[in-house]
Amino acid sequence: MSESVYDRIGGEAAMDAAVDLFYRKVLADARINEFFDGVDMERQAAKQKAFLTMALGGPHNYTGKDMRAGHAHLVARGLNDSHFDAVMENLGATLNELGVPDELIAEAAAIAESTRNDVLGR
Amino acid sequence: MTQVTFQGEQFLLHEQETVLDCLLRNGIAIPNSCRSGICQTCLMEAVSGKVPAVAQKGLKQAWREQQYFLACTCVPEQNIEAALPDEQTVPHIKAEVLSKKYLNKQIIRMRLRSLQPLDYQAGQFIHLQHADDRTLIRSYSLASVPTLDQVLEIHVRRVPNGRMSGWLHQQCQPGQQLLLSGPHGDCYYIPGQEQQGLLLLATGSGLAPIWGILRDALQYNHQGPIRLFHGGLNGSDLYLVDELRELADEYRQFAYFPCLDGDSVDEEIAAAPELFYPGRVQDQALNIQPDLKGWRVYLCGNPDMVNQAKRKAFMAGAALTEIHADPFVTAHNKQADGLTV
Numbered sequence: 002m003s004e005s006v007y008d009r010i011g012g013e014a015a016m017d018a019a020v021d022l023f024y025r026k027v028l029a030d031a032r033i034n035e036f037f038d039g040v041d042m043e044r045q046a047a048k049q050k051a052f053l054t055m056a057l058g059g060p061h062n063y064t065g066k067d068m069r070a071g072h073a074h075l076v077a078r079g080l081n082d083s084h085f086d087a088v089m090e091n092l093g094a095t096l097n098e099l100g101v102p103d104e105l106i107a108e109a110a111a112i113a114e115s116t117r118n119d120v121l122g123r
Numbered sequence: 002m003t004q005v006t007f008q009g010e011q012f013l014l015h016e017q018e019t020v021l022d023c024l025l026r027n028g029i030a031i032p033n034s035c036r037s038g039i040c041q042t043c044l045m046e047a048v049s050g051k052v053p054a055v056a057q058k059g060l061k062q063a064w065r066e067q068q069y070f071l072a073c074t075c076v077p078e079q080n081i082e083a084a085l086p087d088e089q090t091v092p093h094i095k096a097e098v099l100s101k102k103y104l105n106k107q108i109i110r111m112r113l114r115s116l117q118p119l120d121y122q123a124g125q126f127i128h129l130q131h132a133d134d135r136t137l138i139r140s141y142s143l144a145s146v147p148t149l150d151q152v153l154e155i156h157v158r159r160v161p162n163g164r165m166s167g168w169l170h171q172q173c174q175p176g177q178q179l180l181l182s183g184p185h186g187d188c189y190y191i192p193g194q195e196q197q198g199l200l201l202l203a204t205g206s207g208l209a210p211i212w213g214i215l216r217d218a219l220q221y222n223h224q225g226p227i228r229l230f231h232g233g234l235n236g237s238d239l240y241l242v243d244e245l246r247e248l249a250d251e252y253r254q255f256a257y258f259p260c261l262d263g264d265s266v267d268e269e270i271a272a273a274p275e276l277f278y279p280g281r282v283q284d285q286a287l288n289i290q291p292d293l294k295g296w297r298v299y300l301c302g303n304p305d306m307v308n309q310a311k312r313k314a315f316m317a318g319a320a321l322t323e324i325h326a327d328p329f330v331t332a333h334n335k336q337a338d339g340l341t342v
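Chains as they are written, first to last, in this note's numbering: chain A, 2 to 123; chain B, 2 to 342.
Think of the hints as simulated: they come from the structure by calculation, not from any bench. Treat the hints loosely; a few may be bogus.
[To be verified] Straight line, CA to CA, 25 Å or less: simulated PhoX-like cross-link-like pairs of lysine-lysine:
1) B:K51 with B:K61
2) B:K58 with B:K294
3) A:K26 with B:K61
4) B:K61 with B:K294
5) B:K313 with B:K61
6) A:K26 with B:K313
7) B:K294 with B:K313
8) B:K294 with A:K26
[Stated by the list, open to error] DEER-style ranges, computed between Cβ atoms:
9) A:A18 with B:G225: 18 to 26 Å
10) B:A249 with A:E13: 35 to 43 Å
11) A:T64 with B:A249: 51 to 59 Å
12) B:T331 with A:R32: 31 to 39 Å
13) B:Q309 with A:N62: 29 to 37 Å
14) A:A73 with B:L85: 21 to 29 Å
15) B:E97 with A:T64: 52 to 60 Å
16) B:Y103 with A:M89: 56 to 64 Å
Nothing here was measured: the structure is a model prediction, and the numbers come from that model. C-beta atoms are modelled at their ideal positions from N, C-alpha and C, and glycine is treated no differently.
With the sequences and hints as input, model every part of the structure.
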């Protein structure tokens, strides 16, 4: 049984470095940072960690319903495919910066991609 | 069978059941999301009883010390009483006002003697209750250091139309008895990393906890660079200026930067350019120290400054767990919590 990307990049210990990096990229990205304005940063970082854990195939309990409910108010504010794409880009760049090989990045991208319709409420 | 008490009611936990599942099962709507101990939506506080270490994983040290935990991963081994983190405790500790003194035109220093020992860290805050109107409770940060000062000290800014600050400034006199509760908050010095850079930013009476944290750090013999930026519109908004300059002279690792941001500061600064810095504390601080990787940051005072500075500090490399923010929100400018995903 093959290990998840999460395990292969170092599991939970690797997550904290990944989260800081990813969250900084998101906050610096003008295409999406408005969705993160005024939000409690600790809470937001914790959710990024949960997202990254999930995207990397790590242990999580998110359901499609959670993703749908959690983003509904952002969809109401105009969250769309372009924003989802931007987040995906930042995810890829983060993993790249952490030295994760391309095939693993592709695996992570596929998992994240599978949440698109739930996140965008379709 | 272990039990969890919440808002006065006791609930029996099933075998291996988490606090979150137990409370949800009993119809109590505890906020939650990932149910995996990561997103921290289900953050609670153990008011009594100890929680297992796994239920505190990922929380910053100050929160762990205050017995915060994640309900979704908490399978208690002993009975606990849990509360949501924002619940106020009713002030019940008796205290007496010892002295009042103006530090500048709008800020008074009040010294209090609490009749019961208050076990606090410099920089934490207390809830103070108005002596006549029991529903009027406000938070004030402690400027005193338990190992240095025998009394509690707070700095109270006169808030326009502020009911509590108005009372404290005018009617409240030495000898006045009042009730307080605490300590609260995670804005305090944590020894153990004496080489770490400390960045202290304050506006107005936000200097109170910073004054405490600074003196606490120095008496712990903190060796790393300590930089304090205190901001106001004009020179008259600042205070403890001489005391801070004296400390900067005495301790080589400590540097003090009074910052002025008002419209008419140019003349003040031109008159004494070596004394004041222009602009806002969050901008000056990042000018002087653009790389905050490895630093610990304390932010106290105006909520706009605190929120902006937090973000700037994070983007400059400081880890979120190393940023301690204490925004001074007045009753009039309480903002709703930002929408969370």
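task = Of all the hints given earlier, name the ones this structure violates by number, lowest first.
result = none
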